[in-house]
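Residue numbers (numbering that gives the first Met the number 0), protein chains in the order written: chain Z, 0 to 327; chain U, 0 to 332; chain X, 0 to 310.
I should point out that these hints are in silico values taken from the structure, not numbers from a laboratory.
Any given hint could turn out to be false.
Residues from chain X shown here face chain Z by an in silico Cβ test under 7 Å; the list is partial [what the hints assert, rightly or not]:
(1) T98
(2) S201
(3) K209
(4) S212
(5) R300
Stretch-level coverage of chain Z by chain U, calculated; a stretch enters the list once three of its residues show a Cβ under 8 Å from a Cβ in chain U [said to hold, decoys possible]:
(6) 177 to 186
(7) 249 to 255
(8) 303 to 312
In this text, a Cβ means the ideal position worked out from N, Cα and C, and glycines have one as well.
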Amino acid sequence: MQPLVSLDSLTVAFNGVKVLDGISLSVGRGEAVGLVGESGSGKSVTWLAALGLLPKTAAVSGSVKLEGTEILGAAPATMDRVRGGRVAMIFQDPASALNPVLTIRRQVGESLALHRGLSGAAIHAEARRLLDLVGIPDADRRLSAYPHEFSGGQNQRIMIAMALAGNPDLLIADEPTTALDATIQAQILELIRRVRRETGMAIVLISHDLGVVAENCDRVAVMYAGRVVEEAPSAELFDDPRHPYAHGLIGSLPPIDGPRRRLTAIAGTVPDPKAMPQGCAFAPRCGQAAAPCGTKPPGLRAVGENRRVACVIDRHAGATDIIGQAAE
Amino acid sequence: MTAPLVSVDRLVRIYRMRTGMFGRPRGVCAVDGVTFSINRGETLGLVGESGSGKSTTGRLVLGLENSDAGSVAFNGSRLPAMDTPEWRASRARMQMIFQDPLGALDRRLPIAAQVREPLDIHAVEDEAFRTARVQELMRSVRLSDDVGQRYPHELSGGQRQRAVLARALATKPDFLVCDEPVSALDVSIQAQVVNLLIDLQAELDLTMLFISHDLRVVRQISERVAVMYLGRVVELGNADDLFVSPQHPYTQALVSASPAPGRRRGERIVLSGDPPNPAAKPSGCAFHPRCPSAFARCRAEAPALVEVAPDRSVACHLTGLESPAAVALGAVA
Amino acid sequence: MARYFAIRIGRAMITIALVVTFAFVVLRLSGDPALIIMGPEAPPEVIAAFRKAWGLDDPIWMQYFDYFGAIAKGELGRSMRDGRPAIALVLERIPATLTLTIPALLLKLAIGIPGGIFAALHRGSLIDRAVMIGAVAGFTVPSFVLGLVLVLIFAVQLGWLPSGGQETWRHAILPVFTLGIGGAAVLARFTRSAMLEVLGQSYIRTASAKGVSWRAVVLSHALPNAAIPTVTIIGFMVGTLIAGAVVVESVFSWPGVGRLLVVAVANRDLAVVQCILLLVAATMVTSNLIVDFLYGFLDPRLRSREAAGAH
């Protein structure tokens, strides 16, 4: 079955410096995909590039297909229809992501007018329905309010309402709960789950918080220094990560229950995009690096039914059992 | 049993604000009667969301702000008043590290000079000793020697936090308050710094107050934990037990909201309502508007923090000494 | 709302009083009007009589109270040079000044704002750089230099336009242009940075992510936000409508309030100077009040804060 969105060899460079190096990822209808990574991994840039939201100074190449149709480099009018109407995006820090001088009705109504062709009283009615859906009390009166009159959690709900206004098939949530308190985070994630159940919308959840991604996504992709290093079903990834970075990342999460153990601390820091290592980007910090790791970057290879790992070393088969060099 | 190193008794801090030039002054109660103690060599984790008053408590415990009521005792005696010579001298015994290491460091001074500064201020020994101590400190936080000559903006987030830690430990303090020290760092760097803190605590017999909103990190590093909500401690106890069987409804919600991979998807507790506003505190128990188990008494009367089991105190009308929960914990024979 | 204004009007009154006090003191300390107006050759009895007639022998604090007492009654004094009421002198010059400053203000708005917006939208391009260089040149060159250079080129060399005086509408072209260019440059630069600041905000990205066309993003999302800081500068420019042309009026011999001020100061014609200053302070303060009011209209965040503060 054709995936809803598929990215193929997506590459982004700013002034000649590559920040994204050949990302290939796909999202099926109704699926929940998680994208995990630390700073410099490129997880946000991936989707900003896919939706054409990067500034003109960014050089984007590769392929982005929406149900088989190529949208990378499409005309601005086409992209305006895709954004919000087919693929919606919500961001971190909802307080600054809403226009402070426009009312909520105006901001939600804008999407309704653009993608559903509504106007006048119909906009008010539908906007009210959306606010009710996301749990904003007293929606009718609150439509005339401004973003600063709401709390952070409520602002994020409004963002979700705005995103839903266009009836998108896919929602990209870029760190939607990072700036919020833990209990509010739980509310927002519960809301997103409920919306998905009711509308069958697909979602890409981008986060640096492994726990959030684990609990809310079917499939997870781990990114490091502009590349996808492992992709697997959620439960499998967290039970048995294959890539040394994924392994280290999961090990550095303190457990909330069970016995305490010393946290895995990956030595070193993320490489500077201007000075990326020759071969595998993670090799300088990898405890299992061997000679072939330094020559060229490993591509994603299939491991089992629905996993891919970008590593030439098989962690399972003992210390350094190097998979066939010609594999590429 | 030896006396605790730090003892906090019914601490209160009210911020008075004027609304506008001719407005009436209002009081916002940030800390509302907080009591706990920390034993030598132990770490107490202080957990809460925004508006809980945990950062203010941290500053009060160090004497960086004067409390409006209640007291803080360090090593048996009351903290000296701010800005007195005794207070300044006590800085060598207790220190603090913060969330933003870049803001905590002077942009114009190289790292080694900043790590050295506390030694100069407290006139510790002599030149040679101080230089050697700086090197020792840098090594203990696992920063290489050349880092000492660099400036803060040339370092990574993790390195900066370690530099701040080295500076805080310069005068061999007994007590360290950490206010969200790893929240701004990447997960793998967090792990580095948390491991470092645990190692240093064991090495130096440090007593710590670790303030954070992240339960997972708090559990990793603390022996005991206090959960705060709108200026009050709602639950206090042993870290492991508290997270495995939380008694206060707020703690239960907090634990449920902490996402963790591989956890059995038990019943998710999602609190309704908005996060608390310290300027508009509810009557009675501050948590009652959002509490799934609130009843009439909760609106009228604020529950006191009572010990319901050995090493577990809860401030909730539902967990009095005769409640089923207390029986379950073995408080009542 | 009424309280909001009451506070601001109160502060405005204090500002005006301070300005006038300052002028009062400085003028009296820096020279003797009697000597200057009567001339250095005048006999001492004449000087003494002049001083007595105008109350200049009284202690300074008494003169000060007399002056404020007179203002309260609505009398703003008389010119020491020709004995006419100061206010009449000033009022008859205002139309001339406004003939320059109002078109100049329109010029500033017409060039400065679009220029700034355009530069911000095409940041880094050749056009942006050209606009910025032009802007820097515009506000670095002092107005009298610019005025004199323009006179040199257009009046002397080319003979297209007259160099001074106020006879025909053609006489207004060079002064208006001189006045307008400096302000347009400032406005362009300011508008550009306000726009850039706004365009870098997260809500602009949200609007694009919603599928709003770039044109609509700029017009409906960016401009209303960029207007807020820009209105401050425009307010300031409006405040200088009465006396903002002092230098230009002198360069082009334009008989407006600015020229009157220069002459009055030179002569230590106290009442006239004080009257002009009072007027300038009042205009500036009024335009600030209007700007404050506009803020409330443009920025909803300020409305609630003021409402909260009033309780």
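| chain Z contact restraint for S212 (chain X) - C-beta distance below 7 Å | The hint holds - S212 (chain X) has a Cβ within 7 Å of chain Z, the shortest such distance being about 5 Å.
| message | Given T98 (chain X) as an interface hint, is its Cβ closer than 7 Å to any Cβ of chain Z? | response | 36 Å, violated
| said: Count the residues of the region 249 to 255 of chain Z whose Cβ falls closer than 8 Å to any Cβ of chain U, and tell me whether that reaches three. | reply: Our answer is that it holds, as 7 residues pass the Cβ test (under 8 Å) against chain U, meeting three.
| task | Return the status of the interface hint for R300 (chain X): holds when the least beta-carbon distance to chain Z is below 7 Å, violated otherwise. | result | 5 Å, holds
| task | Let me know if the C-beta of K209 (chain X) comes in closer than 7 Å to any C-beta of chain Z, holds or violated. | result | At about 4 Å, which falls below the 7 Å cut-off, the nearest Cβ of chain Z leaves the hint on K209 (chain X) intact, so it holds.
| message | Holds or violated: the hint that S201 (chain X) contacts chain Z, with Cβ atoms closer than 7 Å. | response | 4 Å, holds
| request: Report holds or violated for chain U covering the region 303 to 312 of chain Z, Cβ cut-off 8 Å, minimum 3 residues. | output: With 0 residues closer than 8 Å to chain U, the region 303 to 312 of chain Z misses the three-residue bar; violated.
| task | With a C-beta cutoff of 8 Å, work out whether three or more residues of the region 177 to 186 of chain Z approach chain U closely enough for the coverage to hold. | result | Held - the region 177 to 186 of chain Z has 7 residues with a Cβ nearer than 8 Å to chain U, which meets the minimum of three.
Checked against the numbered hints given earlier, the structure breaks hints 1, 8 and satisfies all the rest.
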